[in-house]
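Kindly produce the complete structure, drawing on both the sequences and the hints.
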Amino acid sequence: MTEERVEHLLAEVHDEFGMIRVLEVADYRFLEFGDAIEQSCVFTADPSWLEYDYTRAMLIGALCHEQPESALFLGLGAGTLTQACLKFLPLEDVEAIELRPDVPRLAIEYLGLDDDPRLYIRIGDALELLETAESADLIFVDLYTDVGPGVGHLAWGFLENCQKRLNPGGWLVINQWATDDGKPLGAALLRGLYHRHYWELPVKEGNVILIVPSDLDQELDMQGLTARAEALAPRLGYSLQSLIKAIRPAT
275 MTEERVEHLL AEVHDEFGMI RVLEVADYRF LEFGDAIEQS CVFTADPSWL
325 EYDYTRAMLI GALCHEQPES ALFLGLGAGT LTQACLKFLP LEDVEAIELR
375 PDVPRLAIEY LGLDDDPRLY IRIGDALELL ETAESADLIF VDLYTDVGPG
425 VGHLAWGFLE NCQKRLNPGG WLVINQWATD DGKPLGAALL RGLYHRHYWE
475 LPVKEGNVIL IVPSDLDQEL DMQGLTARAE ALAPRLGYSL QSLIKAIRPA
525 T
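Start counting the sequence shown at 275; every next residue gets the next number (our numbering).
Worth flagging that the hints you see were computed from the coordinates, not collected in a lab.
Keep in mind it's a predicted model, so treat the numbers as computed, not measured.
Beta carbons are placed, not taken as given, at the ideal position from N, Cα and C, and that holds for glycine.
Some clues are possibly wrong.
Computed spacing ranges between beta-carbons, pair by pair [to be verified]: (1) Leu283 / Lys438: 31 to 37 angstroms; (2) Leu284 / Asp491: 46 to 52 angstroms; (3) Glu383 / Glu281: 30 to 36 angstroms; (4) Asp390 / Asp454: 35 to 41 angstroms; (5) Glu479 / Glu281: 17 to 23 angstroms; (6) Val287 / Ala501: 42 to 48 angstroms; (7) Trp430 / Ala300: 38 to 44 angstroms; (8) Arg396 / Leu463: 25 to 31 angstroms; (9) Glu325 / Ala501: 38 to 44 angstroms; (10) Lys361 / Glu383: 30 to 36 angstroms.
Right, dumping it as structure tokens:
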């Protein structure tokens, strides 16, 4: 017999986009949008712990960079990936753009998001605010609503501008939905936009993480990536190797 999952509602707010809730279940807290669509999962004892493969895969995307100093997060959620990047990467300057003002507030109040002096959070639509963001070594696109990926995930101009916002040697990491055949949503658009020069990391949650370099001359150094991930494993508390093995060229 399994132990019954007891949910405690910690917060519920309504804004122009719908409902946001924070729930607690045992050692975890969840950020949910709308009708029980889980956005983020936080291990309460350690908010930088990445519970899900898709967040770990996005961290792998960040580790493709040897020495990132700046990062831009388009979509903050509970901030677990942001926390992990601040904790484990040599970042000096991090910007996050979040559509809904209550999200960062709830993340700080209930989900362990640190008030880190390196982190600057702006409220607004990433599609509109991207052009006023600083260029960065790492850019993460994770714009999900209660009905799936936001329009930015299939918007040619926006995705193109994300790549243009990268510093030389930078990496764009996109949390893309997977279609039934395991390809990323909008595969044809992505292939055309990025000239088939990117890598994919499929994860069991039904997403494909796209790892896009700043330009066509830039290659993915698998050896360096593996070494950086191995060196980090004792601090992370988990290994990234099985995920790294699943990296494939653009489909």
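We went through each hint and held it up to the structure:
1. Leu283 / Lys438: 31 to 37 angstroms: violated (42 angstroms)
2. Leu284 / Asp491: 46 to 52 angstroms: holds (48 angstroms)
3. Glu383 / Glu281: 30 to 36 angstroms: violated (18 angstroms)
4. Asp390 / Asp454: 35 to 41 angstroms: holds (39 angstroms)
5. Glu479 / Glu281: 17 to 23 angstroms: Given about 21 angstroms between the Cβ atoms, the range holds.
6. Val287 / Ala501: 42 to 48 angstroms: holds (44 angstroms)
7. Trp430 / Ala300: 38 to 44 angstroms: The hint (38 to 44 angstroms, Cβ to Cβ) holds, given that Trp430 and Ala300 are roughly 43 angstroms apart.
8. Arg396 / Leu463: 25 to 31 angstroms: For Leu463 against Arg396, whose Cβ atoms are near 27 angstroms apart, the range 25 to 31 angstroms holds.
9. Glu325 / Ala501: 38 to 44 angstroms: With Cβ atoms ~25 angstroms apart, the hint is violated.
10. Lys361 / Glu383: 30 to 36 angstroms: violated (20 angstroms)
The structure is inconsistent with the numbered hints 1, 3, 9, 10, although it conforms to all the rest.
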